[in-house]
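**Q** Each chain, letter by letter, is given below.
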Amino acid sequence: MPSQNVLVIGSGPIVIGQAAEFDYAGVQACRALREEGHRVVLVNSNPATIMTDPEIADAVYLEPLTLESLQAIIEAERPDALLPTLGGQTGLNLAVDLYDRGVLERYGIRLLGTPVETIKLAEDRQKFKLKMLEIGEPVAESEIVTQIEAGVAFGERVGYPLVVRPAYTLGGTGGGIAYDEAGLRQALGEGLHASPIGQVLLETSLLGWKEIEYEVLRDGAGNCIVVCNMENIDPVGVHTGDSIVVAPSQTLSDLEYQMLRSASLNVIRALNVQGGCNIQFALHPHRNEYQIIEVNPRVSRSSALASKATGYPIAKISTKIALGQTLDRIPNPVTGVTTAAYEPTLDYVVVKIPRWPFDKFPLADTRLGTQMKSTGEAMGIARTFQAALMKALRGLDLARETLTGHGFAQWSDAALDEVITRPTHERLFAVAESLRRGGLPARIDAICAASGIDRFWLHELAQLVALEERLRRAGAAEDVRTAFEAGYSVAALRTLGVEEPSVPAAAFRMVDTAAAEFPARSPYYYISRGEQDEMRPTEGEAVVVVGSGPIRIGQGIEFDYSCVHAAWALKAAGYSPVVVNNNPETVSTDFDISDVLVFEPPGPDEVEAIYRRTKARGVMLAFGGQTAINLAAELDRRGVRIVGSDRVSLDMAENREQFDAALARLGVARPQGRAARSFRQARVIARELGFPVLVRPSFVLGGRAMEIVYNEGQLASYAESAPPIVPDAPLLVDKYLKGLEVEVDAVCDGTDILIPGIFEHIERAGIHSGDSISVYPTQTIDAEMEARIVETTTAIAGELKIRGLINIQFVIHEGSLYIIEANPRASRTVPIIQKATGINIVAAATRVALGERLRNMEYGVGLHPRAPFVVVKVPVFSFSKMRGVETILGPEMKSTGEVLGIDATFAGALRKGFLGAGIRLPRDGGRVLVSIADEEKASAVPILARYAALGHRLVATPGTQAVLEAAGIVCESVRKIAQGSPHIVDLIAARAVDMVINDALGAREVSDGYKIRRAAVEASIACLSSLDTARALAEALESVAGPPRSLQAYHASRVGSR
Amino acid sequence: MSLPAALFLADGSCFEGYGLAFEGLALGEAVFYTGMTGYEEALTDPSYAGQILTFTYPMIGNYGISGSAAQYSRACVAGTVIKRIAEHPSHYRSRQDLPSWLTEQRIPTLLGADTRAITIVLREHGTIWAALAVGESALGRAQAELVRYARAATTKGLVPSVAARQARTEGIPGGPRVTLLDCGVKRAILRELTALGAEITVLPYDADAATITQTAPQMLFISPGPGDPTDLPQTIETLRALIGHLPIYGICLGHQLLALACGGATYKLPYGHRGGNQPVQMLETGEVLVTAHNHGYAVDAASLPAELLPTMTNLNDGTNEGFRHRRLPMAAVQFHPEASPGPFDARRLFAQWFADAGLA
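As given, the protein sequences belong to chains L and Z, one line each in that order.
Read in order, the letters of the first sequence are residues 1 to 1058 in the working numbering.
Read in order, the letters of the second sequence are residues 10001 to 10360 in the working numbering.
Treat the hints with care, since some could be wrong.
To be verified - Here are the simulated lysine to any residue pairs, SDA-like style, with alpha carbons at most 25 Å apart:
no. : chain 1 : residue 1 : chain 2 : residue 2
1   : Z       : 10268     : L       : 339
2   : L       : 131       : L       : 154
3   : Z       : 10268     : Z       : 10313
4   : Z       : 10268     : L       : 338
5   : Z       : 10156     : Z       : 10209
6   : L       : 360       : L       : 1010
7   : Z       : 10268     : L       : 518
8   : L       : 571       : L       : 35
As the list claims (entries may be wrong) - Partial list, computed: chain L residues near chain Z (C-beta under 7 Å):
no. : residue
9   : 223
10  : 250
11  : 258
12  : 261
13  : 262
14  : 266
15  : 339
16  : 347
17  : 384
18  : 456
19  : 517
Stated by the list, open to error - Which chain Z residues stay away from chain L? Per the calculated CB distances, all over 10 Å, these:
no. : residue
20  : 10103
21  : 10237
22  : 10279
No wet-lab data here; the hints were simulated from the structure.
Bear in mind the structure is a predicted one, so any value in this text is a computation, not a measurement.
Beta carbons: idealized from backbone N, C-alpha and C, even for Gly.
Put together the whole structure using the sequences plus the hints.
**A** Structural data, given as structure tokens:
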């Protein structure tokens, strides 16, 4: 194929149901396209991704993923072709939209890979069902409905329970299981709204059937291979993204395996898929019968898992297929000796366990069903299921190293049975505790009957539970060895009472797609205990980069971004990067990013083993987020050398007393505060400081359990719900200063400092920086303050003896600069500042850690000049996936992802940011519902006046309305909930308003405000809970954004402006 | 109670583990199977006769033994090596757990060994004579026995040990008459032929041409089987006499025998193909099929006479996977279109051969 200009659409911000897997897929796709000599135009609004780096595509557009911006980009770039199937559901939907509106035809753009008819067929439940019947593949009895009454009629005809699946949504948004008519009415209401085409599939429930997935590839010539099959431990009924998944299947006979394999090929051929495809089956546990649940003709979360489980790069090969190549002509990138027409065969077992955000959302409905709720996942590879399970479990970073324990012994039998029957995220532990109570094998039968979990898994779990019990009682050498072979850690053994366990040597085993049948080239390993080692020596001196584990709120894809850049920088400097990580969705776990990939939980045992085996120069902890940083003390104890900022710096930054002492030496102010070792002491400190105060445990990420409390009552209720105070991590109590928040990322080498730029937040201090809108360059800070920020940053970095990255958050309160916190590591803003300035601070930090001096590098020193354009980061939340959670923003982070708006002006960048974040800007004359706390009413008036001036009609609760009327702003009135229907929530539920502004900063109680905010989420209406955000949105609405421009063009303008 | 056990390879390497609760010593050729499912089919596949089979997949026995998946009336392997065996299988078709079945079948079994390390040795060294010993007494004499065995080891007796001793009929009475020369046939092949409505006469591998002709076959089918095809010169002669007189088709060993009968040559592969993921390309269309394999020998495509057209090749190592006669209804494949265990991509070949032979 002659060189083409190919458009690739990414998947946008990380939300529940669409996470980092599309960065992995997009990066592979772009690299494969450029390998074949094509020019790549990439559009994605997510700045934390590797794929949006200017090195990955020829033109990178960090622009909103909307039809309008894509049309403008197409107009500017005139692509020849569009690759639609690598950007998740978002990218796919946009491609279909562009096709449907004739944009592709008008510009003569060819769709590469799987044809649009196939995409539509797979998404349109009715057409899909007919097609499956035509080719003789069974699908569950189902009906497409677009109205509630039709659904109820179907329910009467076929009976309950019914599965509700909205069309064209990701992660099963809006879906659920209805057990009766009332439940069906509710589920249909939500599902019809969630579906962009107002269509829902109702199907008879296959609850209790085995859920099996096949990842299949087909080329344009019709050749098909199965890359991997997977079996869910949780039977049908729990979304596959929320299920514990095992690859390959374990309980299927060869006949069943081949039956579903043949069916997969039958389906993918009939659908004319050209590329990757995921097929989900329900398999009857006691009959030779199956049903097709759904087909995704694109790369997906499951294909990312299958890629990492087998080593087979599905996204890369899918891209080559889309370019017209056939499997038999593509070399196998893993073995190097075979072709891509090769079905991987494994000689190990892979287990994936989801990571749920319920630790952040105490009010959330934790039951699992057809709507996905997890934010990420951890994968374990081992020679046995048990070891793979334990590695995945430990890799979740939940501080749970064992199956039993964790307080489950206090649960009643009834409470355990409830969770076993109606699953929540705790089911695995509930099953383990139930097994621990004995009475096998009857207990296994009972759990199997209640949960549908196959006996095979229960027997495996029962063996682990018995092993843990034996270790607790005696700790015999034989059992200790068995435990290590079964994936346990030193820490796990310690919690089981074995203080100094002798650890069998770690053997590094290769993931080769071929079960050792062919010698492979892949540098992809996992650890097995008590077996033969087969790791090859590295070419250069090894340096270990410790990854950040599963994606969770507060520790997202941005840390993977930093790890990847660290690996690349090491390579460029002549070292051999060795990455350890256990997140199958990420770019860092692609085996061609580093010289050696060890797919393991980034725990102390693993990092130490890798460090010693590779004779590494040291380990880098600064890029893997708090997970990696938390290893410092233990690794230090074990004699593992940390390169970059070492344990001393980390302790100084994280230990309150040490940090305060450092600040005192420098004369830097911070909000007054102290560390409390009990809640009683916390109250004393709070009284001393005066309310409001900010409380949080030390050594946490994402502001977990961080709150602003306004009085003693709130402090008391915080004490009830917060994690207990432990000696190693006291509770920090600080005076809360409401002011402008400023954030700096810098690199320090001990002499010089590099500050590419300073961010300023839109929302005043009190909202977690991850949840704030932040702006670069700063808009309101004068040169004098800027100089003070630089000076203070330099002083702190010096005092903390930073050798690498530091992230500092400041608050400017009444003209004075206070430091809130300093983190000696990469931060959430690192990818953004790299994108905004073009300065690779991760590379700079990596080189500093290895001993290079900043002044000898190409990045410059000191504060860089401001960019001649503005970038605005807007957070994105997944509240619609989380029934019941409080959406109000505070010091505890709640967003799952972010988008970037870039424009020549601040207002234009804001506008693009809001658009990219999916906030539906109210149309002219749209209705804006406002409900403002009394103390904020005065400051709200000028902001709301701007909405009125924009032509919006305001609707307010009586108090707010009175204030607005008094200020001469016309405003409708709506009743408060207590005043009876029709009240404010009714109005929202009826979608009679376009946006809600509900300022309630500091509120804690479940209140009217909570009901208003939840109603808005459920009705998919934007709800702003801070007046600062409302002011910014008004500014965006008043402005016009400039045309899309590529990152490369922005960077060129920056060079020009110097 | 488990006994100490070990696998001794003729190159001197040894892999330790434990056995099932009976003593035993197996001598044979060490090979590995890469399929992730299908252990019951593999363990009962007559082509594994005389071999000590290592499963590369580490968890074996998870869905028990059904009986219905068996390819023969008993286990055929000489011994087996499994990383982790399931004591509590779970499947609605399971009648017995694998450890008790292997015990019943008296198959010396090594458990807990590093099967990947064994596989790497076999890959690097090539297939190798081996002894699998379970129990102290067997362990004590295993190495001496291996030395003695390796000096004289041969595959010669393998086909007779699994082939039919007498003629019998199977399939659908009155259907197209297929005579099957049994060198160690799998039940799945008889199942496929039966599914096409054939009346099958099963004859021992050494039946002569006259005996075969007497069955008035509309198709002669040569089965797979264990060992080296050159061990069966009489069968090759018989085939040579029949070529041109009736449609002949063959699978695996049958493919090799047919090639030899036509004047082609076979050779021993370094470590064979045993698994369910071998990509085979049809040379005439370019289509790729994923196929089941179980063979240690291969047909040398370059040696085939002009009238035989190579039709398929292995994408992994370029070995010949099939040929057909340019004029006569005669064809054979190296792989197993009957699967069992393995994928069914090539199942259609049976119907195609029936059509080519004028039976459909």
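**Q** All hints are to be evaluated individually against the structure, with a verdict given for each.
**A** Structure-based check of each hint:
Distance hint between residue 10268/Z and residue 339/L is fulfilled; the C-alpha atoms sit about 23 Å from each other, no more than 25 Å. Taken as a hint, the residue 131/L and residue 154/L pair is honoured in the structure, with Cα atoms around 21 Å apart against an allowance of 25 Å. With a CA separation close to 17 Å, the supplied pair residue 10268/Z and residue 10313/Z stays within the 25 Å bound. Of the supplied pair hints, the one linking residue 10268/Z and residue 338/L holds, its CA atoms being roughly 20 Å apart against a limit of 25 Å.
With a C-alpha separation of about 22 Å, the suggested pair residue 10156/Z and residue 10209/Z falls inside the 25 Å cut-off, and the hint holds. A distance of roughly 16 Å separates the Cα atoms of residue 360/L and residue 1010/L; the hinted pair therefore holds under the 25 Å criterion. As the CA atoms of residue 10268/Z and residue 518/L are separated by approximately 18 Å, the hinted pair is consistent with the 25 Å bound. In summary, the hint linking residue 571/L to residue 35/L is supported, as the alpha carbons are separated by about 20 Å, within the 25 Å threshold.
Nearest Cβ of chain Z to the Cβ of residue 223/L: about 4 Å, under the 7 Å cut. The hint holds. For residue 250/L, the shortest C-beta to C-beta distance to chain Z is roughly 5 Å, which falls under 7 Å, so the interface hint holds. Hint on residue 258/L holds. Least Cβ distance to chain Z is approximately 6 Å, under the 7 Å limit. Interface restraint check: residue 261/L against chain Z, minimum CB-CB distance 6 Å, threshold 7 Å, status holds.
Annotation: interface hint on residue 262/L holds; nearest CB of chain Z at approximately 5 Å, less than 7 Å. Given hint, residue 266/L at the interface with chain Z, is violated; its Cβ is 11 Å from that chain's nearest Cβ, farther than 7 Å. Satisfaction of the interface hint for residue 339/L is found here, the shortest Cβ-Cβ separation to chain Z being roughly 5 Å, below the 7 Å cut-off. Look at residue 347/L: its Cβ gets to within about 5 Å of chain Z, closer than 7 Å, so that hint holds up.
With its C-beta approaching chain Z no nearer than about 5 Å, residue 384/L sits inside the 7 Å limit, and its interface hint holds. For residue 456/L, the suggested interface contact is upheld, since its CB lies about 4 Å from the closest CB of chain Z, less than 7 Å. Because the beta carbon of residue 517/L sits about 5 Å from the nearest beta carbon in chain Z, less than 7 Å, this interface hint is met. Distance check for residue 10103/Z against chain L: the nearest CB is about 19 Å away, which clears 10 Å, and the non-interface claim stands.
The non-interface label for residue 10237/Z is consistent with chain L: the shortest C-beta to C-beta separation is roughly 36 Å, beyond 10 Å. Its closest Cβ contact with chain L, about 4 Å, brings residue 10279/Z to no more than 10 Å, contrary to its assignment away from the interface.
Of the numbered hints stated above, those contradicted by the structure are hints 14, 22, listed in ascending order.
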